[in-house]
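Visitor: With the hints as constraints, model all of the structure from the sequences given.
Protein chains in written order, with my numbering: chain A, 26 to 164; chain B, 26 to 164; chain C, 26 to 164; chain D, 26 to 164; chain E, 26 to 164; chain F, 26 to 164.
The set of hints was computed from the structure by calculation and includes no laboratory data.
Because the structure is a prediction, the values reported are computed rather than measured.
Built from N, CA and C at the ideal position, the CB exists for glycine as well.
If a hint is listed, it holds; no wrong ones were tucked in.
Partial pick of chain E residues on the chain D-facing surface, computed with a CB cut under 10 Å:
no., residue
1, ALA37
2, GLU151
3, ASN154
Number of protein chains: 6
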Amino acid sequence: MVYLTRRERFSAAHRMYIPEWSDEQNLEVFGKCSNPSWHGHDYVLFVTVKGPLPEKTGLVININSLKEIIREKIIDKVDHKNLNLEVDFMKGINATTENLAVAIWNELEKPLREAGCELHCIRIDETENNTIEYYGKKD
Amino acid sequence: MVYLTRRERFSAAHRMYIPEWSDEQNLEVFGKCSNPSWHGHDYVLFVTVKGPLPEKTGLVININSLKEIIREKIIDKVDHKNLNLEVDFMKGINATTENLAVAIWNELEKPLREAGCELHCIRIDETENNTIEYYGKKD
Amino acid sequence: MVYLTRRERFSAAHRMYIPEWSDEQNLEVFGKCSNPSWHGHDYVLFVTVKGPLPEKTGLVININSLKEIIREKIIDKVDHKNLNLEVDFMKGINATTENLAVAIWNELEKPLREAGCELHCIRIDETENNTIEYYGKKD
Amino acid sequence: MVYLTRRERFSAAHRMYIPEWSDEQNLEVFGKCSNPSWHGHDYVLFVTVKGPLPEKTGLVININSLKEIIREKIIDKVDHKNLNLEVDFMKGINATTENLAVAIWNELEKPLREAGCELHCIRIDETENNTIEYYGKKD
Amino acid sequence: MVYLTRRERFSAAHRMYIPEWSDEQNLEVFGKCSNPSWHGHDYVLFVTVKGPLPEKTGLVININSLKEIIREKIIDKVDHKNLNLEVDFMKGINATTENLAVAIWNELEKPLREAGCELHCIRIDETENNTIEYYGKKD
Amino acid sequence: MVYLTRRERFSAAHRMYIPEWSDEQNLEVFGKCSNPSWHGHDYVLFVTVKGPLPEKTGLVININSLKEIIREKIIDKVDHKNLNLEVDFMKGINATTENLAVAIWNELEKPLREAGCELHCIRIDETENNTIEYYGKKD
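Guide: Here it is, written out as structure tokens:
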């Protein structure tokens with residue numbers, strides 16, 4: 026079993042808030058991250074897949090296939106976008122990086138399986154100091 | 026003459042656009058950066074000051090004074106904010122990183138001079154691939 | 026189960042040595058790291074916690090609580106300090122990064138549990154080339 | 026159990042290809058990475074070992090012994106070399122980073138065991154965006 | 026005058042040597058960098074342009090134009106290539122990073138001028154420890 | 026004229042203080058950096074030299090000569106040392122990074138000139154947030 030991690034980046038706006046709560050409640054729980062006028066990040070996404078190593082090629086997965094899947098399913102939908110307003114797979118979900126990691130897992134798991142490898146981890150760096158990792162429900 | 030650079034970070038939302046232009050015109054010139062629903066960045070700000078070295082202390086400037094000035098004049102105003110809507114010194118200015126660098130220079134030049142050193146350069150990394158530097162009008 | 030990692034930094038002096046040993050013995054085992062006049066590092070600390078994701082907030086832990094705990098229990102005690110002489114939780118322990126990681130785990134495990142999440146990993150980068158990780162006794 | 030990771034770097038040329046295949050077939054599967062005139066990388070190698078912490082020294086392994094083993098067994102053989110033509114432990118193997126990670130594992134596992142610790146992970150960053158990890162057959 | 030720097034990367038093979046010299050002479054002057062079987066790097070290229078800031082747009086240059094010029098004139102020619110054998114603008118030139126920086130300057134100066142801005146600096150990081158900068162003949 | 030920068034690292038202990046001042050005065054001016062029990066850093070040193078490009082070799086300076094000079098004159102004297110107590114060229118000087126940069130310039134200028142190139146800049150990163158640059162008296 027060998028693990029391959031692809032790093033991609035996207036820049037997006039977001040805010041954390043719960044619609045049923047007042048601005049005061051949101052501010053109390055989410056602090057400045059709940060700013061109604063939005064803020065944003067240069068998110069760094071790490072997608073780790075795993076698989077056995079075919080003796081012939083010695084590749085876990087063709088890196089171009091992996092890049093293509095990540096671009097089509099994720100980057101094109103989130104880059105230079107508003108995570109709360111414009112991303113189909115984040116609709117109705119509070120735009121925390123935790124929730125974003127789980128949502129990206131759910132978008133990528135099946136296409137990657139169909140491409141012949143297994144999704145192992147979704148990691149997102151929100152800033153250089155804050156990182157989220159998700160290994161799926163099996164964890 | 027010795028140069029001291031302080032690095033600070035802030036996360037903000039923005040868009041590039043010219044209000045008198047149509048969405049189509051803005052899209053043509055600014056591309057996805059003109060998205061009306063905003064996007065954002067983890068901006069990295071480098072403030073470089075210069076000055077002679079006092080023989081006694083060997084400090085260009087007290088680093089805590091420098092940090093304090095940058096925090097009060099800039100970071101508190103831009104961090105977790107919308108650069109187009111919420112920042113007083115960016116009002117009426119297209120929120121490109123070039124304009125942001127010039128505006129930050131204008132905010133910091135006087136307070137730094139009053140603190141005893143000379144502003145030399147404002148550098149902003151918008152992403153790991155795009156950097157703007159401004160050295161003032163004298164350049 | 027989602028994992029959240031917070032990165033913090035501290036600058037400290039230390040040396041590696043065993044008091045009962047002669048300077049020669051210490052030099053033989055610990056090399057230049059046993060210099061009796063000390064040396065130091067810009068340590069980078071990564072604290073990883075894990076927990077289920079509350080459906081409402083989508084946060085493993087409030088990041089400000091996590092930062093506060095790390096600051097109070099660790100950073101305030103080690104930053105700009107001498108790890109051998111001034112840190113209560115390192116008293117009588119050889120100041121290797123391995124021992125430091127275990128000691129920091131012991132300081133943080135209970136407060137983090139009380140804050141509602143589980144400590145998963147303490148990672149310390151001593152330099153850009155040397156990293157220590159500790160996952161607790163259960164590992 | 027404590028984990029120690031040593032980071033080393035080497036610059037090497039390589040190409041990916043299967044000798045029995047035509048240039049066209051290789052190009053189709055490996056893309057520009059199959060260029061017969063070679064290309065190269067600044068590979069970053071992370072060797073992670075694990076072991077219990079001796080109460081006296083508080084060291085998983087003497088870092089100089091670890092560095093020495095990695096240098097003698099790996100770096101001296103791959104740095105400023107052609108991975109396909111000049112590296113004994115890569116002979117007859119397609120020079121993918123996956124295969125390289127497995128081969129380095131096989132070279133290091135025994136010497137590290139003899140030095141008193143257990144190899145846990147070989148990680149190689151081929152570029153800042155592509156990373157391979159291998160944890161041995163037991164995984 | 027505002028400065029904009031675009032960062033791009035390319036992976037290439039090369040060797041340093043002077044054809045008229047013997048392998049021994051080349052080895053003496055260029056060391057392991059003269060390996061006849063090649064080695065390679067993940068080069069990082071920084072292209073800095075400068076220009077006045079148009080009041081309307083606040084852009085030194087449209088970043089997509091800049092990216093396009095760098096890609097067409099440089100990256101497509103050097104990425105996953107052998108710098109000695111396959112790059113037209115390096116023909117007959119010893120493939121040192123110094124010479125590469127000057128050659129890239131010569132390729133980019135005119136197209137950038139035609140695109141409305143002035144080339145200020147070509148910087149290349151060969152490894153994380155070795156960097157070359159060239160500011161043109163005027164320097 | 027081409028510029029070559031070599032990056033080196035050293036780990037050292039230091040404190041900032043003026044011997045004639047009381048601990049209280051030192052604390053007031055230098056803050057926690059004046060801790061009498063020392064603290065330390067992983068300093069990153071960038072030495073930039075410049076020179077014309079010899080047509081034959083295309084090298085500003087042989088990189089091994091440059092590394093050798095920096096190692097002998099600086100790194101061997103400061104790495105894993107106490108900057109205040111053990112470094113000959115820092116005797117009697119307050120160990121600020123500003124003073125350290127000027128002192129390193131003074132140590133390197135002549136040997137580099139004798140090696141055939143001109144020292145252009147000494148840059149030291151004390152932490153990832155604080156950087157000092159010195160370009161000599163001519164600046």
